[in-house]
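**Q** Single-letter residue listing:
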Amino acid sequence: MLNYDITSLNEKLKNNEINSEELIKQSIKKCHEVQEKTNSFVTIVDEFESISNPKSILNAIPFGAKDNFSTKGILSTGSSNTLKDYIPFFDATVIKKLKESGAVLVGKTVLDELGMGGTGTTGHTGRVLNPWNTKKSTSGSSAGSASSVASGCYPFALGSDTGDSIRKPAAFCGIVGYKPTYGMVSRYGLFPFACSLDTVGVLTRNVKDAAIVINAIKGQDKNDMTTWDSSNIDLTSKLENDVKGKKLFYIKEVLEVINPSEETKEHLNNFYKTIELCKTLGIDVEEVSIDKTLLNALPVIYQVISCAEATSNMANLTGISFGPRGNSNDITEMIKDHRTKGFSPLIKRRFVIGSYVLQSQNQEKYYLNAKRVRRLLVNKMNELFKSYDGLILPVSSGPATDIEDCANVLGKSVNLLEEHMQIANYGGYPSITIPNGFISNLPVGVNITGKVKDDENILNIAYILESNMNYKNQIAKEVE
Amino acid sequence: MAYKAVIGLEFHCEMKSHTKVFSKAKNDYSKVSNSNVQPLDMAFPGTLPVLNKECVRKSIMMASILNCDIPQYMEFDRKNYFYPDLPKGYQITQFFNPVGRNGKITIEVNGEEKEVLIHDIHLEEDTASLDHYYNTSCIDYNRAGVPLLELVTEPCLNSADEAVAFLEHIRSIYQYTDISEADSKKGQIRCDVNVSIMDEDSDELGTRVEVKNVNSFNSVRDTINYEIKRQSELKSSGKYDEVVQETRRFDDETGTTIRMRSKEDAIDYKYFTEPNIPKYRITKEYVESIKNSIPELARERKEKYIKDYNLSNYDAGVLVRDKKISDYFEECVKLGTDPKSASNWITTRLLGEINKSEDITIDNIYIRPEMIHELVSLIENKKISTDQAKKVFALMLEEKQMPSEIAKKYSMEVLDDSLIDSIVDEVISENAKAIEDYHNGRTNMLDYLVGEVMKETKGKANPAEAKNKMIEKI
Chain A
1 MLNYDITSLN EKLKNNEINS EELIKQSIKK CHEVQEKTNS FVTIVDEFES
51 ISNPKSILNA IPFGAKDNFS TKGILSTGSS NTLKDYIPFF DATVIKKLKE
101 SGAVLVGKTV LDELGMGGTG TTGHTGRVLN PWNTKKSTSG SSAGSASSVA
151 SGCYPFALGS DTGDSIRKPA AFCGIVGYKP TYGMVSRYGL FPFACSLDTV
201 GVLTRNVKDA AIVINAIKGQ DKNDMTTWDS SNIDLTSKLE NDVKGKKLFY
251 IKEVLEVINP SEETKEHLNN FYKTIELCKT LGIDVEEVSI DKTLLNALPV
301 IYQVISCAEA TSNMANLTGI SFGPRGNSND ITEMIKDHRT KGFSPLIKRR
351 FVIGSYVLQS QNQEKYYLNA KRVRRLLVNK MNELFKSYDG LILPVSSGPA
401 TDIEDCANVL GKSVNLLEEH MQIANYGGYP SITIPNGFIS NLPVGVNITG
451 KVKDDENILN IAYILESNMN YKNQIAKEVE
Chain B
1 MAYKAVIGLE FHCEMKSHTK VFSKAKNDYS KVSNSNVQPL DMAFPGTLPV
51 LNKECVRKSI MMASILNCDI PQYMEFDRKN YFYPDLPKGY QITQFFNPVG
101 RNGKITIEVN GEEKEVLIHD IHLEEDTASL DHYYNTSCID YNRAGVPLLE
151 LVTEPCLNSA DEAVAFLEHI RSIYQYTDIS EADSKKGQIR CDVNVSIMDE
201 DSDELGTRVE VKNVNSFNSV RDTINYEIKR QSELKSSGKY DEVVQETRRF
251 DDETGTTIRM RSKEDAIDYK YFTEPNIPKY RITKEYVESI KNSIPELARE
301 RKEKYIKDYN LSNYDAGVLV RDKKISDYFE ECVKLGTDPK SASNWITTRL
351 LGEINKSEDI TIDNIYIRPE MIHELVSLIE NKKISTDQAK KVFALMLEEK
401 QMPSEIAKKY SMEVLDDSLI DSIVDEVISE NAKAIEDYHN GRTNMLDYLV
451 GEVMKETKGK ANPAEAKNKM IEKI
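These protein sequence lines are chains A and B, in that order. Taken in order, the first sequence gives residues 1 to 480; the numbers are from the numbering used here. Taken in order, the second sequence gives residues 1 to 474; the numbers are from the numbering used here.
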């Protein structure tokens with residue numbers, strides 16, 4: 001029964017074909033099974049709590065949440081040793097909204113430590129394995145959320161996306177990952193990585209479920225000044241609209257890979273098949289060229305801005321008012337000890353970069369220039385979005401990589417296929433990944449990014465594409 | 001040899017508001033530690049700042065009063081450093097785009113006017129407070145996130161007198177506008193003082209020394225005088241190179257300043273724009289509406305007291321020094337009390353009582369404006385004499401009763417005219433000899449006769465009135 005989509009589950013619950021308690025218990029049982037195989041969870045909530053809200057489509061629907069969401073009374077670690085025993089006394093706005101709509105939190109999922117990684121291998125409870133093939137990585141940082149949804153633990157899990165942290169693991173796990181427009185969903189209670197980029201989103205097995213969940217959690221929040229009123233937007237209302245006449249573009253330079261691997265070639269071919277499908281459906285797809293210099297700056301902008309914000313955002317992790325207290329009688333040494341022991345080397349490196357680019361003698365050259373280039377890029381995209389409904393590109397260079405190959409270091413060479421999804425974070429654009437095929441028996445995905453507040457449009461295109469492909473509602477084989 | 005001192009001030013003042021500047025916790029001076037705390041104030045993961053609009057309004061008001069340029073957008077920045085009193089690891093402040101810049105204000109120093117240039121004024125949050133014990137430190141988060149206005153002057157002041165006059169002037173504005181109570185006893189004001197000295201005839205600025213966390217105006221005065229003396233002595237004895245650009249602190253006990261850190265150890269705060277507070281547009285109309293709501297300030301009230309109420313410059317000055325006293329006075333006037341009489345009672349008797357004890361304040365003293373009004377009315381209506389009124393005043397405080405009740409209780413009320421007439425007649429008939437002497441030139445006999453009247457009336461007669469009647473009748 002866990003394999004149904006939200007709409008079917010809701011109908012079956014209403015018709016008493018499914019018992020709500022039984023559904024939750026099954027979900028929890030499945031979480032334990034999946035945990036054995038993939039290590040997706042930091043916490044499985046055996047003693048679940050629920051509020052009944054029969055009016056809501058999410059009533060009695062089990063779900064998971066990335067462990068960087070603050071959950072009242074439930075361990076929330078950010079997959080970091082600095083917060084390994086932290087039990088918050090307040091719910092993130094999105095958790096509160098889901099609870100109030102009757103949804104039941106059953107699992108807190110593993111992420112790359114504090115969201116700062118893209119492999120799913122740096123959480124303090126160990127690496128997350130891909131449910132399609134446990135020798136493969138899920139990518140990250142919403143690793144556990146992706147693998148648990150793909151494994152059929154529940155219809156959806158919350159994630160957060162700073163560079164591609166929802167959309168990439170969704171592709172590697174053969175599911176849907178949706179990052180709404182920045183500010184549509186409250187970040188209150190989301191442990192920050194880089195606030196100007198961080199977005200709350202969802203991982204599901206179909207586009208409609210993604211629209212349903214974001215519909216339930218979106219809205220202006222008095223606790224988050226960056227949220228805006230979206231009460232006039234119903235994300236599910238335009239899903240089935242005709243897409244004929246819509247216009248998409250892809251960026252030529254992103255697809256020009258030097259010395260592509262066989263898998264990458266296959267992945268690109270598969271992408272072109274999706275483009276053909278678009279055209280068959282009446283969507284106009286055009287190739288657009290963007291200055292390579294500007295595109296090559298993508299990962300640099302990301303490193304500079306995200307590390308700068310992160311080093312400040314995580315300065316609250318001192319072990320003084322919460323978190324394990326460092327050893328020393330000297331206050332500075334106490335903080336140092338907490339942070340030295342608590343953070344993994346990858347994160348420390350990011351902090352060093354962040355501090356470096358913010359130093360008064362470097363700020364102009366690195367941090368402010370990164371912000372300027374970010375603006376140039378966003379201006380370019382905004383200009384393109386005047387003529388197009390969205391940008392369509394393949395996710396990553398192929399399917400999931402071997403978990404042993406996850407180097408956990410910040411890469412040196414630029415592969416735009418791995419970087420382009422950051423564009424959506426720079427501009428706050430809505431962006432969705434849907435599965436569009438298999439390579440080497442592993443799922444791959446395609447991404448569509450649209451203009452700010454035009455979520456309905458990209459959801460519509462994604463929904464129609466999904467309906468014309470065979471990858472909707474798929475469950476990972478390894479755990480079936 | 002005397003040198004010219006150049007002084008700049010950074011004046012931090014906690015603002016008055018219902019809630020803290022970025023959190024929902026109450027902004028309330030509380031003796032119970034950690035009682036006004038919300039998750040943001042302790043920087044629990046995932047908490048976000050939400051800007052308090054009332055604080056924005058008040059900061060714009062202050063920037064307007066200081067004749068500052070006000071930016072089009074309200075923006076905030078992070079000042080990053082690690083310290084246990086700073087739970088987020090950064091302070092939200094305004095570094096790049098403060099609410100006020102390039103201002104100026106005219107103050108009065110020892111009877112002369114002086115224009116003080118304002119570098120900027122910005123809105124920020126206070127830190128938690130720390131209490132250090134033998135081997136432990138305690139953190140009180142009540143203060144974490146309390147709104148602060150930091151006002152930075154240009155180095156344009158030249159003496160401790162000027163500095164203190166400026167601070168008093170600003171404090172008065174804060175109090176009159178209700179932006180802050182600016183109460184040093186509650187730790188609401190703190191100053192950083194920059195002092196350098198230079199040759200009288202030189203244009204070249206000397207080495208600047210910063211003294212941090214000076215917490216009262218008296219300490220500001222002591223700090224400046226100490227630093228001028230210290231630097232001048234070093235300069236006079238050819239050791240000016242020992243004056244280095246550094247941060248010092250003022251030590252209350254010794255009245256001296258002590259080195260904290262040198263310029264080389266200065267912290268790089270890695271300022272950057274706060275991403276969680278979107279740029280906030282300040283329209284011209286909004287600024288105008290704030291300007292129009294600026295209440296009457298001390299200077300204006302003082303002018304009014306002198307012009308309209310004919311008070312002396314001195315008395316008017318005493319009345320407006322503390323807004324609460326001035327409000328008290330205005331309340332008396334509003335009730336219909338003669339301003340001059342009200343001023344006399346307040347500046348002499350009332351303030352005399354308040355100055356006697358720390359426990360008595362204008363807020364809690366038993367005598368309220370309506371009582372001053374009643375007391376003055378009793379005198380004006382010749383119910384009691386001025387001398388009696390002074391007794392009534394003292395007895396009101398002792399016995400906590402209204403002036404009329406006191407007057408009645410102690411039978412002070414002046415007798416009515418006809419009764420006095422008959423007593424005067426009686427005294428005249430019984431003192432023929434004295435009257436004769438009076439007519440023969442012994443004028444002091446009049447005082448004797450009036451004294452007899454007073455005796456007969458047990459002091460209830462108005463002596464001046466009795467005297468007039470006596471003259472009339474003999």
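Incorrect hints may appear among the rest.
In silico BS3-like pairs for lysine-lysine, Cα to Cα no more than 27 Å straight-line [to be verified]: (1) Lys24(B) x Lys99(A); (2) Lys348(A) x Lys391(B); (3) Lys24(B) x Lys72(A); (4) Lys222(A) x Lys24(B).
Calculated from the structure, these hints are not laboratory results.
**Q** Each of the hints needs a verdict: does it hold here or not?
**A** Verification of the hints:
{"no.": "1", "hint": "Lys24(B) x Lys99(A)", "verdict": "holds (23 Å)"}
{"no.": "2", "hint": "Lys348(A) x Lys391(B)", "verdict": "violated (77 Å)"}
{"no.": "3", "hint": "Lys24(B) x Lys72(A)", "verdict": "holds (19 Å)"}
{"no.": "4", "hint": "Lys222(A) x Lys24(B)", "verdict": "holds (11 Å)"}
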